[in-house]
Each structure stands twice: as C-alpha cells, then as structure tokens.
Amino acid sequence: MLEVSRIRAQKEEIKAALTKRGWTNDRLELLDRAIEADDKRKALQTENDGYLSQRNKLSKEIGNLFKQGKQEEANAAKAQVEEMKTKIAATESQLASCTTDLETVLLDIPNIPHSSVPAGVTEDDNEVAKDWPQDLPILGDEALPHWDLATKYNILDMKLGVKLTGAGFPVFRGKGSRLQRALINFFLDEASKAGYEEIVPPLLVNADSARATGQLPDKEGQMYYVEKDDLYLIPTAEVPVTNIYRGNIVKEQDFPIKLTGYTQCFRREAGSYGADVKGLNRVHQFDKVEIVQFQHPDKSYETLDQMVKHVEGLLQKLELPYRILRLCGGDLSFASALTYDLEVYSAAQKRWLEVSSVSNFETFQSNRLKLRFTDSDGKKRLAHTLNGSALALARIIAALLENNQTKDGIVIPEALRSYTGFDIID
RNA sequence: GGAAGAGUGGCAGAGCUGGUUUAAUGCACUGGUCUUGAAAACCAGCGUGCGGCAACGUACCGGGGGUUCGAAUCCCUCCUCUUCCGCCA
Numbered sequence: 001m002l003e004v005s006r007i008r009a010q011k012e013e014i015k016a017a018l019t020k021r022g023w024t025n026d027r028l029e030l031l032d033r034a035i036e037a038d039d040k041r042k043a044l045q046t047e048n049d050g051y052l053s054q055r056n057k058l059s060k061e062i063g064n065l066f067k068q069g070k071q072e073e074a075n076a077a078k079a080q081v082e083e084m085k086t087k088i089a090a091t092e093s094q095l096a097s098c099t100t101d102l103e104t105v106l107l108d109i110p111n112i113p114h115s116s117v118p119a120g121v122t123e124d125d126n127e128v129a130k131d132w133p134q135d136l137p138i139l140g141d142e143a144l145p146h147w148d149l150a151t152k153y154n155i156l157d158m159k160l161g162v163k164l165t166g167a168g169f170p171v172f173r174g175k176g177s178r179l180q181r182a183l184i185n186f187f188l189d190e191a192s193k194a195g196y197e198e199i200v201p202p203l204l205v206n207a208d209s210a211r212a213t214g215q216l217p218d219k220e221g222q223m224y225y226v227e228k229d230d231l232y233l234i235p236t237a238e239v240p241v242t243n244i245y246r247g248n249i250v251k252e253q254d255f256p257i258k259l260t261g262y263t264q265c266f267r268r269e270a271g272s273y274g275a276d277v278k279g280l281n282r283v284h285q286f287d288k289v290e291i292v293q294f295q296h297p298d299k300s301y302e303t304l305d306q307m308v309k310h311v312e313g314l315l316q317k318l319e320l321p322y323r324i325l326r327l328c329g330g331d332l333s334f335a336s337a338l339t340y341d342l343e344v345y346s347a348a349q350k351r352w353l354e355v356s357s358v359s360n361f362e363t364f365q366s367n368r369l370k371l372r373f374t375d376s377d378g379k380k381r382l383a384h385t386l387n388g389s390a391l392a393l394a395r396i397i398a399a400l401l402e403n404n405q406t407k408d409g410i411v412i413p414e415a416l417r418s419y420t421g422f423d424i425i426d
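Here the first sequence is numbered in our numbering, starting from 1 and rising by one per residue.
Mixed in with the good hints, there may be bad ones.
[Unchecked claim] Quick list of simulated restraints, FRET-style, between CB atoms:
hint: 1; residue 1: SER97; residue 2: LYS317; range: 54 to 64 Å
hint: 2; residue 1: ARG33; residue 2: LYS370; range: 36 to 46 Å
hint: 3; residue 1: SER376; residue 2: LEU136; range: 43 to 53 Å
hint: 4; residue 1: ILE35; residue 2: GLU123; range: 39 to 49 Å
hint: 5; residue 1: ASP108; residue 2: GLY69; range: 25 to 35 Å
hint: 6; residue 1: PRO297; residue 2: ARG8; range: 35 to 45 Å
hint: 7; residue 1: SER192; residue 2: GLN253; range: 20 to 30 Å
hint: 8; residue 1: LYS70; residue 2: TYR225; range: 37 to 47 Å
hint: 9; residue 1: ILE138; residue 2: GLU252; range: 15 to 25 Å
Rather than coming from a laboratory, the hints here were simulated on the basis of the structure.
Since we're looking at a predicted model, the values are computed, not measured.
Note that CB positions come from ideal geometry on N, CA and C, so glycine has one too.
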C-alpha cells in the first residue's frame, strides 16, 4: 500500500511510472481520489477532535460542580454533553466510512515501478538481464519430461496424490523423497552461510498476518482457509517470516535483517489448466526455502543485487542452465517495485521454468506491516522489505530430472551428493 | 475440553471502592555536569498513531462492544498467558 503523503508529494512522477504498468487515465485518477478522500478524512478528524475536546472539558467540569454541590449547573452541563455526543457519533461514523473509502482506493493502487523497469504488458516484454552464455543443452529424442521420468524411476507419483488428496498434491518416494530433503538442507545451509537467520515458522497464519503481507484482501482465493479456526495455510514462508517484524520499530544499525525459512507452501491456484501445469510445474503443495531481508531505504537495491547473486550461486552449484529476467511493468507483481525472475532451462520440455522471483517492495509492504526504523534524526521511517525464493523445490526437481537424465539414470550434481548420499537415480 | 487466576508504556511494577492519573515509581536508554578515562552521583530528556506551520488537540492500559456527563478502573464477549485436572503426538 502506498503512503498518501507520497502520493501527494510525487503525484505526477507516480502517474508517469504507473503507465509502465499499462495504466491509463481512467485508472490514474485513483491517485486524485486518494488525495480527495484523505483531505476529507483530515477535515473530519479535526472536527471530531474538537468535539471530543469539548466533551472532555465539560465532563471534568461536571465532576467539579458535583463536588461543590452545584447540582443544577451540573445537570445543565450534562445536557450540553448530550448534544456533543450526538455530533461525535455523526462525525465518527463519517470518519469511519471515509477511512474505509481511502483504504479501498489505496488497496487498488499498485507499487510504483523502479526506474529500471521496462514498460510492457506481457511476459514477452520482460528484459533478459543476464542470458545463459553457453549453448543450451540438447537431449536426444528419447529424452523424457519429468513426469515420465518420475514414473520410470518411481520417485514421484502424482496419481497417488490424487488418491490421497486430489490433483496437484505430489507424493515423492524413495530417492525422490531423499532428493527433496537433500535440496532443502542444501538451500538452508547456503542461506545460513550467507548470514541469514534460519526460521521455522507456523504453516498457518491469522488474518492480521495475511493482511500485512498483502495476501488479504486481494489474493484471498489463492489461500486455503480453515474456517473453524479462522486461519490460512501459508502460500509462502514470506508471510509468517515477514510478519515476525510486523509493527516493530528497529534501530538503524540493525539493518540488514536477514531471515530464511523453509516451509511447505499451499496454493489453491484456481484456474489455469493444460500442458503448462503438468507434473511439477504447478502444484497445490510444494516446498520452498525463502530468503527475506529488511533494509535501509538507501541500501535496498544493493541488497536486491546480493540476493539475486545468492540465488544464482545456488543454480551454478546445481549446474543448471539459467537466465535472469527483469520483469516489465505489466508482469510485475502488484506489490513489487522491481523483480528479477530466475529461470532454469528444461531441456526435455524445451522451455524456461521460473524457479525464483526476487523482489524489492520498497515501503509498499512495510507500510501495511508498520515496520519502521528510527533514523539518525530520530524520525520514524518505513523500512524496505525484500524477498526471494532460494529456492522453490518442485520446479528445481523437474529441471534436475530432465536435464540430468542419461541412459544409466539421473545424475545427481556434485554439490548435492553429500546431502543425498547417492549419485545417481536408477 | 473443564476449573481458577491474570493481561498496564523496552522491562519491572503501582493504580482497578469510576472524576488533578497530564498513567506513579524503579530499571534500562539518550544528552549534559563532574572525571585523565570509566563507574558512581547529580541534572534533563525519554511510547505510538492521527490532526495542526506551531502552540496544542485527540486516540490508545490484550482485541471488540456496552453502561456513564466522565472508564485503565464497572458490565458483556473474544483472544492470550499462568496453575491445576483431563486427553494426547
């Protein structure tokens, strides 16, 4: 959520930046509506405070009058307060509806894209920030997609998941399970080495947490919801891990705050069927190691680069061909100011698979989180928040299986062997 | 799940027979005096949001609602914690 003060101060720049998201005048007028609603809110607040002030003053007087035994005067004052209360009730209800209006408008305004974000509408307009320098691997015609490899080596069973739960809930078996566990440990160890504090958070969160990171209200349908307890299954570790600092005021010297968490992630992912979603490409439950940082506004883009480097390092160690995209305005998520997608090439599917998304949210998320720091002048300012997947397991496994298939079996990359305890799946 | 007790500012802890409480006091923290430096002592400052150029006003004592001219204080409800019982990985 953008701050109204920022919309006021930089309205024209913001309008210009939002056109990169494909926004036209009819939507840009939301900015004016936000300012209008805020003006109204301020006026009502001033009015209401005045009434409250009078009420408080009168109430004190009544107390004194009673002590002095001046019953009649006290009763007269009571009548005045009665009048005041009617006014207060009226302005308060206006104030409440006005605040709701403002909030509604603000929730519809996405983050302002960073100056380096290319304009564009679809993923075709994304910019390749770093391409794979070598030739892409070419497998023989006998090469299989991961869903067939999974069956061949009995390491992953989608049909069994259907029996146990439903479509999109994979069941890993044997070496498939161990590969899964190995990757989790590998990713967590790498994050620890890079200075991230490891967190094991709850997998269910309350509505306050879901709201603070922006899942509510806009992405409510994406989350599994436990009605009886009013809790949500997390779609990513970002939600509980980021919320650790909800409402906190940290010291400037605490930056950067670096957290990592492995969790299973749950997504309802309504819609979207077909070849693209086959196998592990899109599932309802998957495993992911997330990295999160809270940073001083002046340093957040440096940090974003470091986080991308970290994820790159993982892909290099796994010996997977990858490229980095800078997302265009149209493909940029609602809350992000700048996002890099890391994609791994699947030689069998002959396409790039998104395995990580690393974003700087600037103050967009911290505004809802109310995550602030005290700067050197003693002023309270919103921190910048960043996060990225490091990494999502399902698609990495898909890519590993496909790219590393040989006639003897699937070869485990060197870096993982001490974790898996085997070097081939056959 | 059942019973009892409790939730106050970074921490500790008063207030809780409704009205100078503008939330006492201590610790911690920040600045200053003193000191070669430090400690101690002393002086001052020290929550957050909103409105206001400011003075200041206003809201917040777990969340929400109510009673009252007036609520940290009384009532209802929800949440959390502690202790005991039950159940259980």
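Structure-based check of all given hints:
1. At roughly 55 Å, the beta-carbon separation of SER97 and LYS317 lies within the given 54 to 64 Å, and the hint holds.
2. The hinted range of 36 to 46 Å is not satisfied by ARG33 and LYS370, whose Cβ atoms lie roughly 24 Å apart.
3. Distance hint check: the CB atoms of SER376 and LEU136 are about 50 Å apart, consistent with the given range 43 to 53 Å.
4. Separation of ILE35 from GLU123 is about 33 Å and departs from the stated range, judged on CB atoms against 39 to 49 Å.
5. With their beta carbons about 59 Å apart, ASP108 and GLY69 fall outside the hinted range of 25 to 35 Å.
6. PRO297 and ARG8 have their C-beta atoms about 18 Å apart, which leaves the hinted 35 to 45 Å range violated.
7. Judged by the Cβ atoms, the range 20 to 30 Å given for SER192 and GLN253 holds: they are separated by roughly 22 Å.
8. Between LYS70 and TYR225 the C-beta distance comes to about 59 Å, which lies outside the given range of 37 to 47 Å.
9. Against the hinted window of 15 to 25 Å, the Cβ-Cβ separation of ILE138 and GLU252 comes to about 52 Å, which falls outside the hint.
Violation of the numbered hints given earlier is confined to hints 2, 4, 5, 6, 8, 9; the remaining hints are satisfied by the structure.
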